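Visitor: In my numbering, the protein residues as written are 55 to 518.
Since the hints were derived computationally from the structure, they do not count as laboratory data.
Some clues are possibly wrong.
DSS-like, lysine-lysine: derived pairs with alpha carbons at most 27 angstroms apart [what the hints assert, rightly or not]:
{"no.": "1", "residue 1": "K325", "residue 2": "K259"}
{"no.": "2", "residue 1": "K259", "residue 2": "K293"}
{"no.": "3", "residue 1": "K325", "residue 2": "K293"}
{"no.": "4", "residue 1": "K454", "residue 2": "K485"}
{"no.": "5", "residue 1": "K180", "residue 2": "K195"}
{"no.": "6", "residue 1": "K328", "residue 2": "K286"}
{"no.": "7", "residue 1": "K482", "residue 2": "K431"}
{"no.": "8", "residue 1": "K172", "residue 2": "K216"}
{"no.": "9", "residue 1": "K180", "residue 2": "K300"}
{"no.": "10", "residue 1": "K231", "residue 2": "K246"}
{"no.": "11", "residue 1": "K328", "residue 2": "K364"}
{"no.": "12", "residue 1": "K335", "residue 2": "K319"}
{"no.": "13", "residue 1": "K286", "residue 2": "K303"}
{"no.": "14", "residue 1": "K430", "residue 2": "K454"}
Quick list of simulated restraints, FRET-style, between CB atoms [unchecked claim]:
{"no.": "15", "residue 1": "K246", "residue 2": "I514", "range": "33 to 43 angstroms"}
{"no.": "16", "residue 1": "K251", "residue 2": "K386", "range": "40 to 50 angstroms"}
{"no.": "17", "residue 1": "E226", "residue 2": "K319", "range": "41 to 51 angstroms"}
{"no.": "18", "residue 1": "S392", "residue 2": "L511", "range": "42 to 52 angstroms"}
{"no.": "19", "residue 1": "K349", "residue 2": "S176", "range": "16 to 26 angstroms"}
{"no.": "20", "residue 1": "Q464", "residue 2": "R414", "range": "36 to 46 angstroms"}
{"no.": "21", "residue 1": "E423", "residue 2": "Q453", "range": "18 to 28 angstroms"}
{"no.": "22", "residue 1": "R414", "residue 2": "E226", "range": "22 to 32 angstroms"}
{"no.": "23", "residue 1": "Q263", "residue 2": "K335", "range": "32 to 42 angstroms"}
These figures come from a predicted structure and were not determined experimentally.
A virtual CB, placed ideally from N, CA and C, is assigned to each residue, including glycine.
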Amino acid sequence: QDPHEKNTKKNSSLSSSSKKKKIPKNTSEKDKIISKEKKPPKKIQKRILKKEGPQSSSHPSATVSKIPTQYWNHLFSAVDQGLAPSISSPWVFQQADKGSPHYRRLLLHAGNLKKLAKRGQSFFLKGNLEEAETWLSWAWKRGYHSHPVANNLAILYGNQGKEKEALQIIQEGMKKKVTPESLNTYANLLRKSGKSKEAAKIYLKCIRQFPHFYPTYYNLGELYLLEGELDKAEEVYGKLLESPSKKLKALGYEGLGKVYYFEEKWDKAIKVLKKGLDLDKQNILLQYYGFTLGKLGKWREGLLALEEIKNPREEVLYNKALFLIELNEGKKARKILSSFSKDSPYYESSQLAMAHSYEREGNFFSALEIYENLLKKNPNNSQAYHNLALIYLGGDELQKALQYFSKAIQLSPMEPLYYKNRGILYLKLGKKGKAAQDFKQYFQLASPPKEEEKQLLELINQIK
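Using the sequences and the hints given, assemble the complete structure.
Guide: If you want it as structure tokens, here you go:
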């Protein structure tokens, strides 16, 4: 068979198959041309659909491809003019990054303030406070005044020192619903505003209405502790021990430990703080446990407790340095003390401690230099004068020592130790009368043990 004949047959079969698709008789010439155009393969069609988005006559905005940032404002402008009613289409939401301002605006245009508020609360719980404030404030300003939004937003503003705004928000939220959380936040804000009596009333109201909401007892205990009402603080902290939560029980032991610490009941403080640490190794428990061990002279144990604290505050670092000085590890102590900036509230104390570390090593020149530099910056630092006086007293430069002791007393007349040490100096100078006066003042201010009083009086009698 002729091979050309085979090709002819193939071509004829192709042409016949293409003729199977008939064009209706009533189709116009223009439509005929369009229908004859080849459609792209299915794979390419899928790519186009993926790129352009789903086609929908009811959602014209859904046909928009991934929306470039520069076109968002045009889109929202169209919405404002009523030209893009399908802005709430789920597909459009997918085009916006959920953390972006575009997403917030989409939620607002869709009228979904509840979803916006929930997103803010989610950020709040995760600790992303900046994002939480943005989302919650958007919801609040547009009238979504639910009590969780009010509570969280009030906490955020309170932490920023905006107590007035925070109080307005929490009070507005409590008009809809009063919860133990909202009462606690309200009382906390009153306490921050310096209204301790009003805050205590709200805490007590919360305890009456919600007796099993245990965080209230802790907050009220903190208020009593700051006000110096230690008996009341001990009572409410004790209530936390009834909580089924280990963490809340640990807070109760922490509170009791602080009460006993300020009452200088060191053994009782150690006992309750240990119980708290068995439940939850919180930083504040470790801090007071370490401090209390230091008061008992257990420097090494105290230091080990403080070293367990994660991200220690300056107060903890300062006490670590003091413990190291007591352990004759002055070099390590000075490394910590030198880290305090001049703006730190612990700066002057750190300089005094550094000078003291040099004194313990017998390096009086370095100690004197630190005290003198400190007094140039703050001539009212009574402790620097007192410590200088001690150095001169040890070096038998008695007149200089007297000058600095007297200056220290002039600046801090209620400090008992200054009178005691100046009294000892007067004994060295042979001035029994003045020594007796200073010791008497020391006894009145410090109420030392009877044994110490006896020893000092005997020193006076030894002087002829």
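Visitor: Need the list of violated hint numbers for this structure, in ascending order.
Guide: 1, 7, 15, 19, 20 and 22
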